[in-house]
Every structure is written in structure tokens, then in C-alpha cells.
Amino acid sequence: MKIDRRGDIGFMEAMAGAMTVCIVMLGFCSFVMTDAMADHTPQHTFDWDLVDGICLDGEGRYTLDRTSELEAYAEENGLAGISVDISAGSASGVGTLHIDVGKTSGMHIGERKLVSVSTEDGRSVPTLVEVTEFL
Amino acid sequence: MDAVMFIALIGIAVTILCQAGSDEQGDVGPDVSETLDALFESKIDSELLGFETDNRVMKISDVVALSVGHGRTYGLDYIRECLDRMYPWTTAYGLSLEYGSSVLDWSMHADESSSRVTRTYPVEYGGELVVTLVLYG
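Residue numbers (this note's numbering), protein chains in the order written: chain A, 3 to 137; chain B, 963 to 1099.
Treat each hint with caution, since some may be false.
Said to hold, decoys possible - Lysine to aspartate or glutamate pairs mimicking EDC-like chemistry, simulated, CA-CA at most 20 Å apart:
id	chain 1	residue 1	chain 2	residue 2
1	A	LYS115	B	GLU1043
2	A	LYS115	B	GLU1086
3	A	LYS105	A	GLU61
4	A	LYS115	A	ASP102
5	A	LYS115	A	ASP67
6	A	LYS115	B	ASP993
7	A	LYS115	A	ASP87
8	A	LYS115	B	GLU996
9	A	LYS115	B	GLU1003
10	A	LYS105	A	ASP123
11	A	LYS105	A	GLU132
12	A	LYS105	A	GLU71
13	A	LYS115	A	ASP49
14	A	LYS115	A	ASP51
15	A	LYS105	A	GLU78
16	A	LYS105	A	GLU77
17	A	LYS115	B	GLU1060
Said to hold, decoys possible - Covered by chain B, according to a simulated footprint, are these stretches of chain A (three or more residues, beta-carbon under 8 Å):
id	stretch
18	107-118
19	122-133
Simulated from the structure, these hints should not be mistaken for lab results.
The C-beta atom is built at its ideal place from N, Cα and C for all residues, glycine as well.
Please construct the entire structure, taking both the sequences and the accompanying hints into account.
This is the structure:
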């Protein structure tokens, strides 16, 4: 780098410094934007409110009356079908409920959630709800 | 020289942002806490948890605390089955149960965890049951 007696660098050196700063600044801005986009990209998850209202009767059977809501959800989200399996542990003596909406075959995404289902006699049974969304 | 200092400052800023991003990945999702609450705050027939002589509706956390405190196994197979069904892949989770000075844990290992949650449940006959669930992979 050629420096004159006053310490000033020439035009080419100044341009090289300015370009370096611009390139680094561009890279930094790209990094910040990519990081921000990753945080704000919504990840599809099942709307678990759709399976609210699971009931367990005195005979150990699950019931859920949300078929129409599941059909509407599948249509809104472009799903071919939805399958819901509701079950308790094997020692509970409680039956399994299976609900199918639409076409339940092919590529799918599965999610599961453990919920507590209350009964009229004061029990609350840990219940596994498995939802399979067919694409 | 000014350009070098500028580049150094930008590098420090990127490092800080990366560090902050990696710290957020260790946050516990709300669904893990909900899983523990749904399991340990449930009330079922004690007969299903191994109490064959005195069948009544009991909180799972109370039964598990009794097992941990007295070296029994009441309720442990039940919660293990529920968690195995919730997290069915191999070495998916580790569980630690602490009641008073007694601790029982299983499947805890040194692999890096994806999330860890600790919940405390009051026990009907005194004390608290401290439950820690660690998810791996």
C-alpha cells in the first residue's frame, strides 16, 4: 500500500477498502435477514383444539363428536384426510377410539399428544391422542 | 486500519447473534410440560397402578411418590408405558423422580438433550414429587 508523506493512501487503496466494507456489510445483512426469516417461518402443527371434548363414559369408551370440524380443517389445509387414534394405557381397561376423515392412505405427517380425560366419577385418565394428516 | 476494525466489529456481532440463536434452541417447548401434567396430575384406580388391596381413585403423582420414597414399583410401569407410547423411538427420553431424599431415574444418559423440563407436584401426604423429563435426539 503506497502511502504519501501525509499518511494518505491513494485512490485504488481507498476503493479497495470501501469495497471490502461493502461486501462485509452485505454479508452481515444477509445473515441477519436469513436468521430473522428462519424465526418467523411458521411451522405447520395440528390444531389441537379440534380434538377438545374427548369424553370417557362409564363403560370405558371414548367419544369425540368433531368429525365435521376435522373435515373442514382438512379442506382448509389442503389435506387428503385425517386419522385420529385415542387410547389409554393397556392397564386402564379403556377401549380405543379411531376416527377417519377423508382419504387415509399415502404420505402423511403424524403428531401425538398426551392429555388427561376426565370422567363423571372423578377419575382423569392419561390419554394418548395420535393425529395423522394425509397429504 | 478503519476497515479492519470495522470487519472485526462485524465479526463480533455475528458471533454474538449465533450464540444467542444456539441458546434459544435449548428452550423447553410447552408440550413437554403439558405431557408431564397430563400424566402426573391424572387420577385413576390405584388397582391399575399395582395397589391390589386398597382400590380407590388416587393421583398418579401420589402413588409414584410413595414408590420412590419406599422403594416400591407402584405406578412406575404405568408411567413408563405412557411415556414409551408418547416417545416411541429408541432412547427417546430419560426420567428422574425425586421425593424427599430418594431419587429414582431411568434411561438418563450423557447424550445431548433436545429439551429438559422439571415439574413439581405436591403429594397428598406431605412433601413434593420432583419430576424431570429429558428428551434426546
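Here's how the hints hold up against the structure:
1. A:LYS115 x B:GLU1043: 14 Å, holds
2. A:LYS115 x B:GLU1086: 27 Å, violated
3. A:LYS105 x A:GLU61: With a Cα-Cα distance of about 30 Å, the restraint between A:LYS105 and A:GLU61 is violated, given a limit of 20 Å.
4. A:LYS115 x A:ASP102: Judged against 20 Å, a Cα distance of about 18 Å means the pair holds.
5. A:LYS115 x A:ASP67: Holds. A:LYS115 to A:ASP67 sits at ~18 Å (cutoff 20 Å).
6. A:LYS115 x B:ASP993: 8 Å, holds
7. A:LYS115 x A:ASP87: This hinted pair holds, its Cα atoms lying about 11 Å apart.
8. A:LYS115 x B:GLU996: Answer holds: A:LYS115 to B:GLU996 is near 9 Å, not above 20 Å.
9. A:LYS115 x B:GLU1003: 15 Å, holds
10. A:LYS105 x A:ASP123: 37 Å, violated
11. A:LYS105 x A:GLU132: 17 Å, holds
12. A:LYS105 x A:GLU71: 16 Å, holds
13. A:LYS115 x A:ASP49: 11 Å, holds
14. A:LYS115 x A:ASP51: 12 Å, holds
15. A:LYS105 x A:GLU78: 15 Å, holds
16. A:LYS105 x A:GLU77: 12 Å, holds
17. A:LYS115 x B:GLU1060: Given pair A:LYS115, B:GLU1060 is violated - Cα atoms ~25 Å apart, limit 20 Å.
18. 107-118: holds (count 5)
19. 122-133: holds (count 8)
Consistency with the previously given hints fails for numbers 2, 3, 10, 17, ordered from lowest to highest.
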